[in-house]
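Keeping their order, the protein sequence lines are chains B and G. Residue numbers for the first sequence follow this note's numbering, so the first one is 62 and each next one is one higher. Residue numbers for the second sequence follow this note's numbering, so the first one is 62 and each next one is one higher.
A couple of the hints might just be wrong.
Given that identical chains are not distinguished, each listed pair holds provided it fits within a single copy or across any two copies.
Under the rule of at most 30 Å between Cα atoms (straight-line distance), these lysine-lysine pairs were calculated in the DSS-like manner [claimed, not checked]:
#: 1; residue 1: K398; residue 2: K332
#: 2; residue 1: K300; residue 2: K234
#: 3; residue 1: K234; residue 2: K93
#: 4; residue 1: K386; residue 2: K398
#: 5; residue 1: K186; residue 2: K80
#: 6; residue 1: K297; residue 2: K234
#: 7; residue 1: K206; residue 2: K259
#: 8; residue 1: K68; residue 2: K80
#: 9; residue 1: K250; residue 2: K234
#: 10; residue 1: K158; residue 2: K80
#: 11; residue 1: K297; residue 2: K398
#: 12; residue 1: K386; residue 2: K332
#: 13; residue 1: K93; residue 2: K158
#: 14; residue 1: K69; residue 2: K423
#: 15; residue 1: K300; residue 2: K332
#: 16; residue 1: K300; residue 2: K398
These are calculated hints, taken from the structure and not from any lab test.
Protein chains: 2
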Amino acid sequence: MADTFEKKLSSAVDAVIPKANAFFKDIEKRTKDGPGVTRPPYLEGEQIGHDMVAEWAGELDLETSIDAAGNMYMVYPGEDRDASVAMTGSHMDTVPKGGNYDGAAGVIAGLAALDGFRRAEITPKRDVVLMAIRAEEAGSWFTGKHGGHMGSRAALGMYMDNELETAIHLGTKTSLGEAMANAGFDPDKVANEPPHLKPERIASYTELHIEQGPVLQTEGHPIGIVTGIRGNRRLKQGKVLGEYTHSGAVPQHYRHDAVLAAAEFINRLEKEGLDLIDQGRDLVFSSGIFHTDADVNTLSKVSGQLDFTLDMRSMDVSALDEMQKIVTGIAHDIAEKRGVTFDISDFAAVAPSPMHGDERAKLHEGAKALGIDAIDVASGGGHDAAEFERMGVPASMIFVRNDRGSHNPDEAMDIADFALGVRLLAWKLAMA
Amino acid sequence: MADTFEKKLSSAVDAVIPKANAFFKDIEKRTKDGPGVTRPPYLEGEQIGHDMVAEWAGELDLETSIDAAGNMYMVYPGEDRDASVAMTGSHMDTVPKGGNYDGAAGVIAGLAALDGFRRAEITPKRDVVLMAIRAEEAGSWFTGKHGGHMGSRAALGMYMDNELETAIHLGTKTSLGEAMANAGFDPDKVANEPPHLKPERIASYTELHIEQGPVLQTEGHPIGIVTGIRGNRRLKQGKVLGEYTHSGAVPQHYRHDAVLAAAEFINRLEKEGLDLIDQGRDLVFSSGIFHTDADVNTLSKVSGQLDFTLDMRSMDVSALDEMQKIVTGIAHDIAEKRGVTFDISDFAAVAPSPMHGDERAKLHEGAKALGIDAIDVASGGGHDAAEFERMGVPASMIFVRNDRGSHNPDEAMDIADFALGVRLLAWKLAMA
Numbered sequence: 062m063a064d065t066f067e068k069k070l071s072s073a074v075d076a077v078i079p080k081a082n083a084f085f086k087d088i089e090k091r092t093k094d095g096p097g098v099t100r101p102p103y104l105e106g107e108q109i110g111h112d113m114v115a116e117w118a119g120e121l122d123l124e125t126s127i128d129a130a131g132n133m134y135m136v137y138p139g140e141d142r143d144a145s146v147a148m149t150g151s152h153m154d155t156v157p158k159g160g161n162y163d164g165a166a167g168v169i170a171g172l173a174a175l176d177g178f179r180r181a182e183i184t185p186k187r188d189v190v191l192m193a194i195r196a197e198e199a200g201s202w203f204t205g206k207h208g209g210h211m212g213s214r215a216a217l218g219m220y221m222d223n224e225l226e227t228a229i230h231l232g233t234k235t236s237l238g239e240a241m242a243n244a245g246f247d248p249d250k251v252a253n254e255p256p257h258l259k260p261e262r263i264a265s266y267t268e269l270h271i272e273q274g275p276v277l278q279t280e281g282h283p284i285g286i287v288t289g290i291r292g293n294r295r296l297k298q299g300k301v302l303g304e305y306t307h308s309g310a311v312p313q314h315y316r317h318d319a320v321l322a323a324a325e326f327i328n329r330l331e332k333e334g335l336d337l338i339d340q341g342r343d344l345v346f347s348s349g350i351f352h353t354d355a356d357v358n359t360l361s362k363v364s365g366q367l368d369f370t371l372d373m374r375s376m377d378v379s380a381l382d383e384m385q386k387i388v389t390g391i392a393h394d395i396a397e398k399r400g401v402t403f404d405i406s407d408f409a410a411v412a413p414s415p416m417h418g419d420e421r422a423k424l425h426e427g428a429k430a431l432g433i434d435a436i437d438v439a440s441g442g443g444h445d446a447a448e449f450e451r452m453g454v455p456a457s458m459i460f461v462r463n464d465r466g467s468h469n470p471d472e473a474m475d476i477a478d479f480a481l482g483v484r485l486l487a488w489k490l491a492m493a
Numbered sequence: 062m063a064d065t066f067e068k069k070l071s072s073a074v075d076a077v078i079p080k081a082n083a084f085f086k087d088i089e090k091r092t093k094d095g096p097g098v099t100r101p102p103y104l105e106g107e108q109i110g111h112d113m114v115a116e117w118a119g120e121l122d123l124e125t126s127i128d129a130a131g132n133m134y135m136v137y138p139g140e141d142r143d144a145s146v147a148m149t150g151s152h153m154d155t156v157p158k159g160g161n162y163d164g165a166a167g168v169i170a171g172l173a174a175l176d177g178f179r180r181a182e183i184t185p186k187r188d189v190v191l192m193a194i195r196a197e198e199a200g201s202w203f204t205g206k207h208g209g210h211m212g213s214r215a216a217l218g219m220y221m222d223n224e225l226e227t228a229i230h231l232g233t234k235t236s237l238g239e240a241m242a243n244a245g246f247d248p249d250k251v252a253n254e255p256p257h258l259k260p261e262r263i264a265s266y267t268e269l270h271i272e273q274g275p276v277l278q279t280e281g282h283p284i285g286i287v288t289g290i291r292g293n294r295r296l297k298q299g300k301v302l303g304e305y306t307h308s309g310a311v312p313q314h315y316r317h318d319a320v321l322a323a324a325e326f327i328n329r330l331e332k333e334g335l336d337l338i339d340q341g342r343d344l345v346f347s348s349g350i351f352h353t354d355a356d357v358n359t360l361s362k363v364s365g366q367l368d369f370t371l372d373m374r375s376m377d378v379s380a381l382d383e384m385q386k387i388v389t390g391i392a393h394d395i396a397e398k399r400g401v402t403f404d405i406s407d408f409a410a411v412a413p414s415p416m417h418g419d420e421r422a423k424l425h426e427g428a429k430a431l432g433i434d435a436i437d438v439a440s441g442g443g444h445d446a447a448e449f450e451r452m453g454v455p456a457s458m459i460f461v462r463n464d465r466g467s468h469n470p471d472e473a474m475d476i477a478d479f480a481l482g483v484r485l486l487a488w489k490l491a492m493a
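Just need the whole structure built from these sequences, with the hints factored in.
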């Protein structure tokens with residue numbers, strides 16, 4: 062790296078890293094819950110995070126505002142204040158007893174980038190808007206009917222009818238709307254007024270996040286540039302129904318054993334899935350919940366029922382279509398052969414969200430200019446960035462290597478890797 | 062059938078069947094529990110049965126006695142009162158919410174046979190001893206260390222050291238010894254005095270029982286002559302340990318999915334087991350309990366643990382040995398291939414109990430003489446008869462066709478089939 066803008070930017074960012082590191086340690090201490098941290102949306106844990114972020118933003122004299130759903134926006138002025146803005150952000154909530162970095166790292170990265178701008182007196186081309194997003198971990202905190210990612214979807218006007226009533230907060234046992242109101246925000250405004258964000262006013266949305274899988278760690282690269290966010294095809298309440306019977310007295314050929322049927326089903330599904338992967342298709346799949354009925358079954362009873370889930374994810378919607386067809390075909394075949402019944406009626410689908418091509422190219426250009434070792438990776442988990450992309454905002458994501466998965470207390474992000482991620486984010490926001 | 066002893070015996074038995082049928086209806090009404098019946102050992106339900114049996118035995122002037130464990134013996138005098146005796150019997154307890162016939166049918170059959178002897182003035186060669194046995198359903202009623210079949214094993218002196226203390230009654234929450242004492246019996250005598258029954262004084266033990274499987278029903282025969290009682294090889298606490306991880310973010314080839322490993326395991330085990338059956342080996346197997354951990358697992362987490370049981374049963378101990386070897390081999394192979402761990406350390410074994418060859422031949426001879434359509438069947442469940450056989454008493458069993466399995470409220474025995482079973486039992490006891 063010559064004595065260039067990149068060098069100046071990197072030095073400025075690096076000077077802020079100790080402060081970011083202290084923030085991580087402080088928020089961990091303040092939201093500790095057993096071995097992990099808990100920052101429930103619209104409750105104290107998340108609010109601690111927002112207050113800490115607001116304090117740092119205040120030190121930087123950022124123009125701060127809060128929308129009706131409680132999302133916070135912090136603006137760093139650019140050269141052309143009338144131009145559409147460069148956004149960054151992530152969420153401050155966590156899953157119960159989760160890790161310290163999933164979410165917070167993206168918001169702290171934004172603060173560190175803007176702090177770097179301030180120190181090095183860098184003025185980006187456009188206004189940079191850092192967004193501290195509410196309630197991204199909705200899958201862990203809300204039951205009932207909802208579309209997840211409650212903060213970003215509120216800001217972008219993506220709620221379904223009545224979602225404020227039908228989403229039930231597991232922490233408060235109230236509706237999402239009541240949880241928002243009790244936290245001091247304005248669900249009526251969320252429901253009835255135009256959304257806070259106008260996609261046409263956003264030039265790009267760039268989110269930094271820890272990787273939730275082991276790819277960067279295993280393949281030895283600190284930074285990933287996300288190709289897209291996998292869609293999914295899920296079965297929440299799959300069932301195999303056979304016939305309960307005596308495990309010693311009934312000859313094998315007379316049985317309709319739900320466990321044997323389900324085992325064949327999963328085994329054959331795995332083989333077909335691995336074939337697709339071997340053909341180069343993007344695909345992962347698992348059955349996270351797989352169980353006989355604890356109230357009925359015993360060692361000496363042939364099982365008459367097995368409940369299971371399926372989670373199949375891919376960047377490629379045709380691979381998900383194909384897997385669903387395979388599931389149906391295998392289930393039909395086994396049902397006929399074994400005299401059992403499969404209930405696979407409740408498939409739900411979320412479409413893949415490929416990240417914006419020009420934005421990805423820009424991130425690769427930045428990594429090259431900064432001398433950062435970055436590779437393409439897919440994101441298996443959902444992120445707010447997908448909601449921006451769905452609403453037509455050119456969106457991209459920077460993943461930081463993380464040793465031990467996310468959504469657990471063992472998340473392990475090296476602060477040096479984080480510093481590289483912040484350099485790249487800052488470069489992107491300055492150049493956007 | 063000519064106008065023979067067989068005809069006289071059959072007519073005498075048939076005359077008692079309405080009384081037996083009324084007994085079944087009465088005991089069902091008096092021990093009703095939801096859709097089924099509950100007769101817990103050493104508690105009221107079982108005692109109701111013993112009291113009803115004693116009443117009928119009283120009408121027949123049988124010599125009645127009760128041993129230290131509460132088993133009741135009813136003696137019908139034979140020609141040679143010094144000869145070793147012909148025994149019959151079964152148990153009066155049931156599993157919780159079980160069926161009306163499992164156990165009771167064998168005792169009522171004995172009463173009906175002896176009532177028939179009385180009516181037709183038949184004197185058997187030897188004394189016939191009918192035993193109403195306690196606590197056969199120990200597998201459903203006792204936890205802790207015990208060998209099952211508590212009544213017959215007490216009478217035969219088969220308890221292990223301390224079994225009266227280590228067996229814990231689920232209904233009374235006391236030890237077996239306390240349960241016995243509270244019911245008015247004498248656990249100290251059970252522990253310290255010579256057993257009530259002397260195998261060398263028993264010429265034969267013949268037990269009538271409903272079939273617990275569908276073989277007689279499916280193949281269209283009212284009566285089965287039991288070839289033997291299957292032994293078992295069981296795993297009570299099998300485990301597959303993999304690695305919990307994010308179901309979207311971790312590439313398929315990096316995973317150690319406990320569900321996929323367990324499904325392959327069961328699927329391969331089934332294939333090998335079916336091969337043995339196709340080769341003509343006696344074998345049944347199932348995994349009645351098979352589950353991920355409800356406290357940890359979710360749809361969006363790759364499973365890190367699956368718990369399972371195995372119940373493999375056969376008349377042929379070498380088939381069980383072979384299956385255990387197959388289990389070990391497959392587990393080892395999958396563990397290596399998938400980077401998971403199998404815990405299959407707690408295998409327990411019960412040896413098969415072939416019924417006595419001469420006794421079986423005698424029953425076939427009787428069925429032929431009586432014109433009863435009887436076939437050989439194996440017993441999948443354990444029975445008191447196995448304990449007598451183990452102690453050197455020539456033992457055999459008569460199965461009566463039963464439409465819908467046992468240990469459930471749907472047991473369905475046709476009283477006409479029962480009458481055929483009682484004819485055969487009576488013939489055997491008279492000829493023994």
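A quick look at each hint next to the structure:
1. K398 - K332: both (19 Å within a copy, 14 Å between copies)
2. K300 - K234: within (29 Å within a copy, 36 Å between copies)
3. K234 - K93: within (22 Å within a copy, 42 Å between copies)
4. K386 - K398: This pair counts as both: shortest intra-copy Cα distance 18 Å, inter-copy 28 Å.
5. K186 - K80: Within one copy, since 26 Å is at most 30 Å while 101 Å is not.
6. K297 - K234: For K297 and K234, the Cα distance is within 30 Å only inside one copy (22 Å; across copies 39 Å).
7. K206 - K259: within (26 Å within a copy, 70 Å between copies)
8. K68 - K80: Result: close within a single copy only, 20 Å intra versus 102 Å inter.
9. K250 - K234: within (22 Å within a copy, 60 Å between copies)
10. K158 - K80: within (25 Å within a copy, 67 Å between copies)
11. K297 - K398: Close inside one copy (25 Å) and across copies (29 Å); limit 30 Å.
12. K386 - K332: Close inside one copy (14 Å) and across copies (26 Å); limit 30 Å.
13. K93 - K158: within (8 Å within a copy, 49 Å between copies)
14. K69 - K423: within (19 Å within a copy, 102 Å between copies)
15. K300 - K332: Answer is both: 20 Å inside a copy and 23 Å across each meet the 30 Å cutoff.
16. K300 - K398: both (17 Å within a copy, 28 Å between copies)
Every hint, counting from the list given before, is met by this structure.
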